[in-house]
Amino acid sequence: MKRKYRNLKQAFFIGLVAAIGFSGCKKFLAVNDNPNNPDHGDPTLLLPTTQAAISQVIGNQFQVFGNIWAEYWTQSPVASQYKSMDQYAPLNTDFDRPWLNLYRVALINADLITKNTGAGLENVKGIAYLMKAYSYQVATDAFGDVPLSQALQPTVYPNPVYDKQQVVYDSIFMYISKAMPLLKANAASPGAQDMIYNGDMSKWIAFANTLELRAYLRLSSVDQATAQAGIAALYQTNPTFLTEDATITYTSTGGNENPFYNEATSPTLGKIQNVVASSTVVDEFKKNNDPRLAKFYTLFIDKIAPVDSLESIPQGSYLSNVNKKVSPPSPLVGGQANDPTSATAPVKLMSVAESYFLQAEAVARGWAAGDVTALYKQGIQASFTATGAGDATTYIASAPDGLPALTAAVGNVKDEVKAIITQKYYAMCGFQGFEAWNEWRRTGYPTFLVQSAASTIEPGQMPLRMLYPNSELTSNLHFPGVVPITTPVWWGISNP
Amino acid sequence: MNMKKKILLIIGLCLVVFCQAFAQNRTVTGTVTDNQDKTPIPGVTVRIKGTQTGVQTDIAGKYTLTAPQNATLIFSFVGYVSAEQPIPASGPLNVALSTETKALSEVVVTSQGIRREKRTLGYSAPTVSNAELTQGENPSVLTSLTGKIAGVNITSASNTPGSSTRIVLRGGSSITGNNQALIVVDEVPIDNSSVVGGASSLTAVDFGNRGNDIDPNDVESVTVLEGPAAAALYGSRASNGAIIITTKSGHAGKTEVTLNSSNTFSSILKLPTFQNEYGQGYMSGSATSAGYVTGIDDASDNFSWGAPFTGKTEPWGQEIDGVNQMKPYSALPNNIKDFFTTGFAADNNLGISSATDKSSFYLSLNSLNSNGIYPGNYDTYDKYGVRFNGKTKISDKFTAGINIDYNKIQANVPSGGQNANGIWNSLMQTPRDIPINTMGDLNNKYNGYNTVSNTYGFYGAFVLNPYWQLANFSNLDDVNRVTGNFNLTYKPFNWLNIEERVTADSYADRRKLITPKYDFTPADESGAGLWIDETNNGSYEIDQLNVNEVNHDLIVTATHDFGKDFHTSLLLGNNVRERSTTANFTSTNTSGGLVVPGWYNLENSNGPVDVITDNISIQRLVGFYGDLNLSYKNFLNLEGTLRNDRSSTLPVNNYSYWYPSVNGAFVFSELLKNSGFGDFLSYGKLRSSFAQVGSDTNPYELNTIYASTVVNGSFGNTKFPFGNVPALQVGSTLGNSTLKPEQTTSFEIGTELGFLQDRIKADFSYYVNDSKNQIVSIPIPNSTGYGFNTINAGEIQNKGITLSLSGTPIKTEDFTWELRGNYYKNNSDVVSLPNGVSQIAIGGFVGMGIVAAKGYPYGEFYGVTNQTDAEGRTIINKTTGQPIPTTSPQYLGSYNPKYQASFGTSLRYKGFNFDVLFDVKHGGVLFSDTKSLTDFVGTAAETGGPRFGQPFPNSVYLDASGKSVPNTSIPYSVYDYYTSVIGNTPGMDVIDASYVKLRSASLSYTFNKTQLKSLPFSALTIGLYGNNLFLWTPKSNAYVDPEVNSSGAGNEQGLDFAGTPSVRNYGINLKVTF
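From first to last, the protein sequence lines stand for chains A and B.
Residue numbering for the first sequence follows our numbering, beginning at 1 and increasing consecutively.
Residue numbering for the second sequence follows our numbering, beginning at 10001 and increasing consecutively.
Note that these hints are calculated values from the structure, not bench results.
For glycine and all other residues, C-beta sits at the position ideal for the given N, C-alpha and C.
Be aware that one or more of the hints could be misleading.
[To be verified] Keeping only pairs whose Cα atoms sit at most 25 Å apart, straight-line, the calculated BS3-like set for lysine-lysine is:
| # | chain 1 | residue 1 | chain 2 | residue 2 |
| --- | --- | --- | --- | --- |
| 1 | B | K10491 | B | K10391 |
| 2 | A | K26 | B | K10740 |
| 3 | B | K10740 | A | K27 |
| 4 | B | K10254 | B | K10038 |
| 5 | B | K10811 | B | K10673 |
| 6 | B | K10878 | A | K83 |
| 7 | B | K10799 | B | K10898 |
| 8 | B | K10393 | B | K10248 |
| 9 | B | K10038 | B | K10248 |
[Unchecked claim] Across the chosen pairs, the derived CB separations fall in these ranges:
| # | chain 1 | residue 1 | chain 2 | residue 2 | range |
| --- | --- | --- | --- | --- | --- |
| 10 | A | N36 | B | K10337 | 45 to 51 Å |
| 11 | B | S10395 | A | P35 | 44 to 50 Å |
| 12 | A | H40 | B | A10841 | 28 to 34 Å |
| 13 | A | N36 | B | D10519 | 36 to 42 Å |
| 14 | B | V10596 | A | A188 | 41 to 47 Å |
| 15 | A | Q166 | B | V10596 | 54 to 60 Å |
| 16 | A | N37 | B | F10668 | 58 to 64 Å |
| 17 | A | F28 | B | F10562 | 35 to 41 Å |
| 18 | A | N36 | B | W10599 | 27 to 33 Å |
| 19 | A | D200 | B | G10527 | 52 to 58 Å |
| 20 | B | T10613 | A | F28 | 25 to 31 Å |
Kindly produce the complete structure, drawing on both the sequences and the hints.
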C-alpha cells in the first residue's frame, strides 16, 4: 500500500509540473490554423468563379427583372413570386443578392486575379480585366452611380464612396485597354478554366472590342462626342468583333444548370411556372409573322392547350386573368420550369446577333464605316440561327419590322437606329432581357412598351433603374441615399 | 447491512435488555421517518431527555426503548432538525424529522464543485431541489426550472420531449454569440448546442438542445449562479452565468431502490381561432357590396375566401372514376383540432443508491418513450439512459470518484416551416369546410397519392395531405452521448486538499433528413378546378455532428484558522480544456434530387453528392485561477478570485487575459441575535459583488480563407466543380489578426431576509451587467468585396432586479400551506455598435429582421408595418380604403419580456400534497407566421365577419392639411387586404407575446407506514400532475403559444414560422421505494 501512495504522489507532482510548466503552453495552444479551408486561391481557380457569378446575375436575377421590364415575360396568374416586378414595386432587399454576386463574388475574385504577382498569368489577368469591365458596366447600368475607385479595398476603404456613372464608364474603358496587351501576350492558356471561350484569346479580343463598342454606344444619348470619338478610335485598330456568343455552357447536372431554371426547380419554388408570355412582344411577333415566337415560348394554342389557357396576357394583367394558364417561355431560354431541357439553356453575356446590331448602329450613326443593311441582315440571321428558326430571308424581306423598316428609314439616322434596336429587341427575347431593357432606356426603342397593368407608380412612368440594395443602405456610411426607380441613370433618356 | 450498523444494533439491543432488567418502565416503540419523502431514517439517535440512555433506529427506521412513563424522547440525526416528544400514555411514538433548511446552514454547490454555506456567498445562488424540480414531471431539467427562480428567462419551444429550451440568465451579454448559461453537471461542463435542422429557420426542424439530455429524476439539486461573479472561476464560458446540476449520490446508512414511473398524455395547447362563416374558394376583390361576387368555387383551393356557408350538399374535391364526393357546404369548426391525437409518453427511472462508511454509489436506469400529438407513429422520441455515480475512500487521505452518464436518443421530428414537408403549414391552409381530420386513410383514392399511376386524388393543389407528409417525410435523429467525471482527492493534512479531476463530454449526433421523390398529376376528370402537378425531386441528407470536450482541473485548497473567529481558505487551480467538433453534412444533389424514388442513400443521388459542410475544429484553453476566502465569525465573509486564460482562438500577442472578482456577505442578523428584534428577523444578509469575465472567440477567425465556389441565386445556385472545372472563391468574412478578448463586467447588490423563524423569506438583487469589446462579425458593405468583418466592438448593458418571496402561513403537524413568488425585470440596452452600423441582424428573414439595434433592447423586430396616427389609428388610402404602409421599416418591439413573474402555492395535509405554479411573461412580442398564413388563406377569425362594404377598423385618412379624419365610410376590400396588401407589411404579424401559464400542477398522496405494512415497499407515492396546462394570452394573440419558436434555442427567438405546436402534458405518476 505504501508504495502505491508514493506513485500517486509522484503522479501528482508530475501532473502539477506539467500543467504549470508554461514551456509547452504556446505549442499546446497553437491549433488555430484552419484545417478546413485553404488560405490562398490560385488565379486559374478564381477565374471560373468570376465568370459563373456574372452569369448568375445576368442569367437569374437580372434575367427576371430584365425580361419582365422589357416586357417579354409577365407574372403568371397562377403564381406570385415576381408580382412586385410587374407592379414596379421592388424592395431594396430584392437587389441585395445581385449586388452581392457582382461585388463579393465576381469583382473581388477578378480583382484578386489582376493583383496576383505570379508569373505567366497575362492571359488570365486579361480575361479578369474584361470581367471587371463587364461587371462594372452591369452594375452601373443597373444602379447608376456605384462604388469603384474605393471598392474592393476593405481595410483602406471600409465605406467605399459611390463614383459618378461617367467615372465608372471611364474606368470600364480603362480596364478594357489594360486587358488588350495581356490578351495578346504569349502566356499560359487557362484552358477549360475559362468557362466562356476555353482559353481562346482571339475570341477574347473580339469580346473586348464588342464590349468597348457596346459601352461607347451606351453613351450615345448623353455624351455623343465621347461615344463617337471612342468608336472612331476603336475602328482604327481594325477590330474583330464577336462571332460566337459569350456564354457558359450549362448542363443538366445538378448545380450546373441554367441559373434561372435551377432557381425554378429549387425546393422553395418547386418548379412552379412563375413567368409567362407577355402580349407586348407576342403581339409584335405575330404582326411580323415571326417564326421565332414559337421558339421563345412553348405556346398554348388551340386544342393543344389545357383548359382555361391563353397564348399570352397583357403585361402585368395577372389579376384580371385569375387562374388562367399562359404560355411559358421555352426551354431554349431556360424558362419552362417543368421541362428539364431548360437546364441547358445558355446565359448570353453578349450574343452574335447583338454584335452585328451594335456594328450596324455604329455605322448607321456614321461613327464607323460599313454596310448597315448587311450588318442588319446578319444580325437577324444570327438570331434566327440561335433560335433554330432557320433561314431568315423570307422574314427579312417581308416582315414589316424586317428590312422594310430599315429601307424606309434610309437617310434618317433616328429611324435607322429605331429599326436596328427594335430588331435587336426581338433577338434578345428571353435571352438578354436585361440588355434589351438597357437599350430601351438609352434609345426609347422599341416604342411599343406599355405600362404594366399591375403598376403601382404614376400613370406613364416606367422603371428606369434598379434600386440600391438594402445591404448597402444599412452598412455603408457613404451610401448616397435611395433613388427612385423612375429616375433615369446618367446615360438614360428621361422619357423613353 | 454493514458492520458498523450491525454493531450499533447489537449495542442498541443490549441497552434495551439492560434497561428492562433494572427498571419497571414502559416500553416505547416507533418509526422515525423523513417528513418530506416519508422514507424511514435508520441510525437516528433516540435519547431519553436528561439522561445518556438511548438507542438508534434500525434499518427500517424502527426503535424500541424502555423509558420512564413521564419521560421525553429526543430524536436527533445529522442534517435533520432534532425533535422532542413526550412518551404517549400508550401506543407507538412515531416521529417525522424535517431536514434542516435554515439558511444559516444551507450548503450550496458553487463553481468548480466547491460546496459553500449559503450565508457566506456574496452573490445570488438560488437552489432548486429534486422535489421542486420534478413537480410537473417535465422530462426537461431546463424547462422544469421555469417559474422557480427569479432572474432566469426560460423559453420552451414546444414543450415536447426533446424539443428546445432556451435559458438566459439576467438578459445575456452577447450580440451574436451564445447568450445561454453554461450548464455543469457534476463538475462536467456539458455541451448545450442547438443545431437546428433544415436550411433556415423558415424551414426548421427542432432537434432540440443537448442541455436537455439529462434526466430530471437523477438530479439532486440545481443551483443557478446568475451573474459572472458566481461563475468567475469557470472562465469565459460562464460569462452568461451557470446552471450547476448535482446528481444523486448514495447516502450513508440508506440502501434505496426507487422506481419513478410517469405516464404522460399530451394534447395541443393552442390553435388559432378560426372563422366559421366562409368556405373553400376565392373571390374577385371588391370593396363594396355592390360589387359582391359570390365566391367562385374552386375545389382545389387552399383559400377560405369562398361564398358564405349554405349547408347545401355539394360535390367537393376531385372527380375520380366519374365520381365526386359530396358533403354539405358548411363549417367544420373542429377539422383542425381533430387532426391531432393524444400524445403519450412513458417515463421510467429506476434508481439504486447505497453507501457504506467508505463507499457510496448511485445507479440509475431510465427510459423515456414518447409518441407525440401528430397522428400515427411519426413524431416519436425515445431516450434511454444509464448513470453511475460512485465514490470511495481509498484510505484516510485518498478519495476517488466517478460519475458517468450514457444516453441514447432516437427520434423522428416532424418538420416545421413553409417547405413541402411543413405539416402545420399544410394544416393551417385547410379550408374551413374540408374534413381534413377524416383524410388519414391514404389508400382512399380521394385522400392519397398513387405512386403507380403517379396521380393524386387529394383535394388540395397547393398543399399536401398532412397525413401523407407525416408518413413520407422524416427527420430521424440518433444521438449517443457519454459524459463523465473522474476525480481523485488527496488530503495529506487536515488543512490541505488536492483534487485532480478529468471530465469529458462526448457525443455523436447522426441525422437523416428524408424528402420523397414524386411527380403526381391530378386524377381529376371534371376539368373544373385548378389542380396542378405536385412534384419534388426528393432528397436525402445525412448530418453528422461530433462534439468532444475534455477538461482537466487540478485544484489545491488550503485552509487556516487564525484564532477562533478568523477563518481563511485559499484555492489555486489549473484548467486545461479542449473542445473538438466535427460536422459532416452531405446530401443528394440539391437540384437533381434522387434517381430512384423511395431509396434513401447517397448512392441514389442524381448528380454529384452535395457536401454542405465538412468541418472540423479544435479549440484549447489553459487557465489558472485562484480564490481567497476570508471569514470573520459567523457573519462576515469576503472572497476574491482571479483567473488567467490563454486561448488558442486569439492572436498569440493577445491570447492571455486576466479577470478578477470580489464579493462580500454580511449576515447582520447575527448581531441582532440576542435582541428582541432577532425574534422577528431570524435571518438577514447583505451581499454585493463585482466581477469581470473575459471571453475568447471561435476558432479560425484570424485569417481570410478561400472556399470551393457556390454562387447563390435567391433559392438556387451554381455549384463547383462545374463538370470537371474546379473553382475557389475568397471567403465572405475578412480575417482579423488583431482580435482582443471580450469583457463582461458585472455588479450586484442584494439581500436575503428571513422573518419569524424563516416562515417568511425574501431575496432581492439589483444588478448591472456590461459587455464590452464584443467580438462580433459585423456586416460591411458588399462593395468592399467582403460581407463581414470580425471585430471588437459594441456594448450591451443589462440592468435589472430579481425578487423572490416565500411564506408559510400555516404550519402544523398535519397541515402546511406555502406560498412563493418571483419577480424579474431586466432592461437590456444595446449601448453601442461599431461606427456606421445601426443594427446587427440576429435572425428573421427578408422584410422582417430580428436585430440588435443601437439604443434599443436586444432582439428587436424590424419591419414595415401600417402607418398610424398619434392616437394609434390606422391611416388609410382615401381611394382604396386600404392601410398605407410605413415608408421604411420600424422597430416593433423586442422578443424579450419587460418583466416576468411567477406564483406558486402548495398545500400539504397528512399524506396529500397539492402544488400549483403559474408563470407570467409580459411585454415581449413575436412574429407569427401562423397569423400571416391564416390571414392569407382566410381561415383566421379576423378574416370572418362582413367581407364587403366595411371601412378598415379604427382607421383614419389624412385631409389636405395632414390632419386625421376618422374613417367611417370608405370601405376596403377585405380580400385584397389579407391576400395581398398585408403581405407588404410583415410588421402587422408582430403581436404581443405576453402570457400567463399554469406551468405545473400536481396532486399526490404518500402512503404512510401503517398503510404499507403488508406491502414490500418502504415508501409509496402516487400522483396526478400536469405541465404547461393552461395558457392565457392577450386578445391580439389568437394564433399560437408565444413560446413556440422555429429556430431552437439560439438568439433568434420569437419567430413562429409554422414550428412544432406546443402541448399540454398531464398524467399519473407512481414512485415506489423498496
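To see whether the hints hold, each was checked on the structure:
1. For the hint linking K10491 of chain B to K10391 of chain B, the alpha-carbon distance of about 15 Å falls within 25 Å, and the restraint holds.
2. Note on K26 of chain A and K10740 of chain B: the hinted pairing holds, with a Cα-Cα distance of about 17 Å set against a maximum of 25 Å.
3. The hinted pair formed by K10740 of chain B and K27 of chain A meets the criterion: a straight-line CA distance of about 20 Å does not exceed 25 Å.
4. About 13 Å separates the Cα atoms of K10254 of chain B and K10038 of chain B, which keeps this hinted pair within 25 Å; it holds.
5. Taken as a hint, the K10811 of chain B and K10673 of chain B pair is honoured in the structure, with Cα atoms around 23 Å apart against an allowance of 25 Å.
6. Between K10878 of chain B and K83 of chain A the alpha-carbon distance is near 24 Å, which keeps this suggested pair within the 25 Å criterion.
7. Taking the CA atoms of K10799 of chain B and K10898 of chain B, the gap is near 12 Å; set against the 25 Å cutoff, the hint holds.
8. A threshold of 25 Å between alpha carbons decides the hint, and for K10393 of chain B with K10248 of chain B the separation of about 18 Å falls inside it, so the pair holds.
9. For the given pair, K10038 of chain B sits about 18 Å from K10248 of chain B by alpha-carbon distance, which is consistent with the 25 Å threshold.
10. Separation of N36 of chain A from K10337 of chain B is about 48 Å and conforms to the stated range, judged on CB atoms against 45 to 51 Å.
11. The hinted window of 44 to 50 Å between S10395 of chain B and P35 of chain A holds, with their beta carbons roughly 46 Å apart.
12. For H40 of chain A paired with A10841 of chain B, a C-beta distance near 30 Å keeps the hint of 28 to 34 Å intact.
13. A hinted range of 36 to 42 Å holds for the C-beta pair N36 of chain A and D10519 of chain B, which are about 37 Å apart.
14. For V10596 of chain B paired with A188 of chain A, a C-beta distance near 44 Å keeps the hint of 41 to 47 Å intact.
15. Look at Q166 of chain A against V10596 of chain B: about 58 Å separates their beta carbons, and that is inside 54 to 60 Å.
16. A beta carbon spacing of about 60 Å between N37 of chain A and F10668 of chain B agrees with the range 58 to 64 Å that was offered as a hint.
17. Checked against the hint of 35 to 41 Å, the C-beta distance between F28 of chain A and F10562 of chain B comes to roughly 39 Å, which is consistent with it.
18. Remark: the range hint 27 to 33 Å for N36 of chain A to W10599 of chain B is upheld by a beta-carbon distance near 31 Å.
19. Restraint check, D200 of chain A to G10527 of chain B: a C-beta distance of roughly 54 Å satisfies the suggested window 52 to 58 Å.
20. Look at T10613 of chain B against F28 of chain A: about 27 Å separates their beta carbons, and that is inside 25 to 31 Å.
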